[in-house]
Amino acid sequence: MARRRNDGDARGAFPTLALAILVILEFCVSTGQHASLAFSYKDGDPDGPAKWETLQKDWAVCDSGTEQSPTDIAEVEVPKDLGPLEQSYRPGAAVVQNRGHDFMVR
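Residue numbers (the UniProt record's numbering): 1 to 106.
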């Protein structure tokens, strides 16, 4: 007796798979754009400190004068008795990219 093929299952799975792929691609693109957003520390540049609040919605607080840097620098009390620094380096695959104002490790 010949087996009957059920093409309905495959057709029903395609839209779900396509939607999942689109969601993943959108996440990758938006994350990549955020990570490589260029800004400058040089006064007068179109992407300099005076314009940081316009470069990204999350950086709007840079305009208030209380958080000028796009880097979140927290004020914390550092314990004085931390002891010596222990180095533990292991090899790893990475690419270091100089972006002009910082370095990115991928």
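Worth flagging that the hints you see were computed from the coordinates, not collected in a lab. Be aware that one or more of the hints could be misleading.
[Said to hold, decoys possible] DEER-style ranges, computed between Cβ atoms:
hint	residue 1	residue 2	range
1	E86	G12	53 to 63 Å
2	A13	Y89	21 to 31 Å
3	K51	F103	14 to 24 Å
4	G44	A18	18 to 28 Å
Ideal Cβ positions, reconstructed from N, Cα and C, are used throughout, including at glycine.
Results for each hint:
1. A C-beta distance of roughly 55 Å is found between E86 and G12, which places it inside the suggested range of 53 to 63 Å.
2. Between A13 and Y89, the C-beta spacing of about 46 Å breaks the proposed range 21 to 31 Å.
3. Roughly 22 Å separates the CB atoms of K51 and F103, a value that falls within the hinted 14 to 24 Å.
4. About 47 Å separates the C-beta atoms of G44 and A18, a value inconsistent with the hinted range of 18 to 28 Å.
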